[in-house]
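Listed below are the residues making up each chain.
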Amino acid sequence: MKGEKQSDTLSVNVGPMRLRNPTMLASGILGISQDIFERLYNNNIGAIVTKSISVDPMKGYANPTIVPLGNKTYLNAVGLSNPGVFAFSHEIMRNKFVPIVVSLVGSSEKDFPKMISFLDSLNVIGYEINLSCPHVSKMGMEIGDDPEMVSLIIRTIKRHTRKPISVKIGIGSMDVVEISRVAVESGADMITAINTVRAMKIDVQSMIPVLSNVIGGLSGKAIKPIGIRCVYEISKVLNVPVIGCGGVSSWEDVVEYMIAGASAVQIGSILGNSDDTFFNRITSGLKRYLARKGIKNIGEIVGLAHRY
Amino acid sequence: MPIDIDLMRLARISETVMETSSVKTLVFKDRLGSKASAGQFLMVWIPRIEEIPMSVMVSRREGHAAVTVKKHGKGTTALFEMDVGDFIGLRGPYGNRFTISTEFTNVLLIGGGTGLVPLLRLAVNITRLNIRCTLIIGARTKDEVIFEEYARKFLSDGKGKVIVTTDDGSYGLKGTASDGMVKTIGEERYDCVYTCGPEIMMKKIFEISKEQSLPVQASLERYMKCGIGICGSCCIDRWLVCRDGTVFDSNQLSRMKEFGMAFRDKDGQKLQYK
Ligand SMILES: Cc1cc2nc3c(=O)[nH]c(=O)nc-3n(C[C@H](O)[C@H](O)[C@H](O)COP(=O)(O)OP(=O)(O)OC[C@H]3O[C@@H](n4cnc5c(N)ncnc54)[C@H](O)[C@@H]3O)c2cc1C
Ligand SMILES: Cc1cc2nc3c(=O)[nH]c(=O)nc-3n(C[C@H](O)[C@H](O)[C@H](O)COP(=O)(O)O)c2cc1C
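As they're listed, the protein sequences go chains C and H.
The opening residue of the first sequence carries number 1 in the numbering used here; numbering runs sequentially from there.
The opening residue of the second sequence carries number 1 in the numbering used here; numbering runs sequentially from there.
Among the clues, some could well be false.
[To be verified] In silico PhoX-like links for lysine-lysine, alpha-carbon gap of 25 Å or less:
#1 Lys-59(C) x Lys-203(H)
#2 Lys-221(C) x Lys-72(C)
#3 Lys-96(C) x Lys-270(H)
#4 Lys-270(H) x Lys-114(C)
#5 Lys-96(C) x Lys-114(C)
#6 Lys-96(C) x Lys-70(H)
#7 Lys-59(C) x Lys-70(H)
Because the hints were derived from the structure by calculation, they are not lab data.
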């Protein structure tokens, strides 16, 4: 029963969600195809978060939408392109075994019950509410910076589903702990931190901003210390599970986020530079680390940094 | 330090060649592109307008690469209208490549439109290995036949041959590229079929090859944004065209439900081929 023992050391409870290991796909990365979700799950990912889905399909911005900046750091302004909730509910309708969290985005609280009515009866383990996309107006961060809107949206969603919801926050004009507190007091079961950080790239030869949207969000290695700080601050004061995200590229990064206080860790941009063995390498690295430290379950390291 | 192919570099267009009234080749100095394998592509930035994937065309000049663009929508029209002295941005080359076995003695290449671009690169490599090569150039009509002269030049002297087909019969063999295929496989034995072009054509070629137990390698196209396996836009079944492809073999093609059937548009909705 080797398999069972393996899953025991790495299995985590993230609120009411039980995952076989703490790795999750970050929203917006490879996030629109059930076949790809199954491939990732067969390659040992713990859970999937889908691309942020809106009520209607969105085309997003013109390319360039994703700019690699070197050193495993990326800039993107995709513009929340997604197939819309109707097509997407068909995409995941036949999901049998993949733990899927659907990321939702909307411009008003009324959008969310509409989307939940398509999704709630499907095999979906929870929702992540994207209130932090840094480059689309009237959606994402503009809402995330408005505590009354955040509260209204979360309370509305909680009236329409019994599935757990995580609120995804980012670096806006409000303090991350304060906006997380508003979300939790309105009923959020978990917090995901962080989304990309507003950023920009100019090509100096042509003197032209590269992204078609000019401004976008920074992801990858460069933002990891910011993500670690946010997870630490939020998990230290709020009594809900925090899911860490930002710049994870190795098992050591997963460990760092968990010591900072994350119950699970999302992985995004780095998948661009990796292959099918990525999650197996992460999980075997984690197992070796725990064995060396004599730790029976990875949950024991969550928040160890809170002592400091 | 190794050069990071992901970092965008600017290139100045040094030469242009009009192939037809709507197809143009742009040549530029780019060491990385000049070394691309057949089947790989570059992400080409047209400043403030678009960034689009383009197969790497054979460069006749040392240290140079080229792309051949067919005027289509906004991005390809802007690229088509570029001239000597204009700048484009480049990332890549990305993707896998066509593979050649040294045991092959005779192979068949079938392309339509700008799908011929990676096949020309492949044909150059194949003839260097002393493998005979037949290239079928498919076009709707005489005016749209591209690269014929160039291909005939290096497939002469017993290295191979060129067959041109036009749907309307205005030039070469009358019929589609797959009609040309049926004819030639009746006359000669081939070890492998390589194809790139309209997907319906490639699907037909795949099916004919299956009946004949001929192995196929096909270079596929899907809508792409990042080109590096992050966004997922270019998925076909469980594969990403940018990273797992662009070239897929018979085994993979036969496991695809979407090949020749469905593709995703810019928002990720699945649409059926007509
Ligand atoms: C690996 C690969 C290699 C290619 N090689 C060549 C080539 O050598 N020469 C050539 O002329 N064309 C090539 N193409 C096709 C070319 O990229 C598209 O025609 C081009 O992106 C269309 O852009 P547009 O703005 O002109 O058209 P639009 O009006 O935006 O769209 C026209 C059509 O092109 C498709 N398309 C649009 N944007 C993209 C995109 N970013 N990626 C893929 N498809 C897109 C659309 O789905 C639509 O079917 C290649 C595509 C791929 C994926
Ligand atoms: C191309 C791209 C698209 C993204 N789309 C979304 C999205 O739709 N919803 C969302 O909540 N976050 C989105 N993100 C943010 C990621 O989920 C993640 O928070 C961020 O990239 C940091 O993680 P990373 O450094 O591991 O990539 C996107 C990121 C990238 C790079």
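Structure-based check of each hint:
1. Lys-59(C) x Lys-203(H): Violated: Lys-59(C) and Lys-203(H) sit about 28 Å apart, past 25 Å.
2. Lys-221(C) x Lys-72(C): OK: Lys-221(C) and Lys-72(C) at ~6 Å, within 25 Å.
3. Lys-96(C) x Lys-270(H): OK: Lys-96(C) and Lys-270(H) at ~21 Å, within 25 Å.
4. Lys-270(H) x Lys-114(C): The hint holds at about 22 Å.
5. Lys-96(C) x Lys-114(C): Measuring from Cα to Cα gives roughly 23 Å; hence the hint holds.
6. Lys-96(C) x Lys-70(H): violated (43 Å)
7. Lys-59(C) x Lys-70(H): holds (23 Å)
Going through the hint list in order, the structure does not satisfy hints 1, 6.
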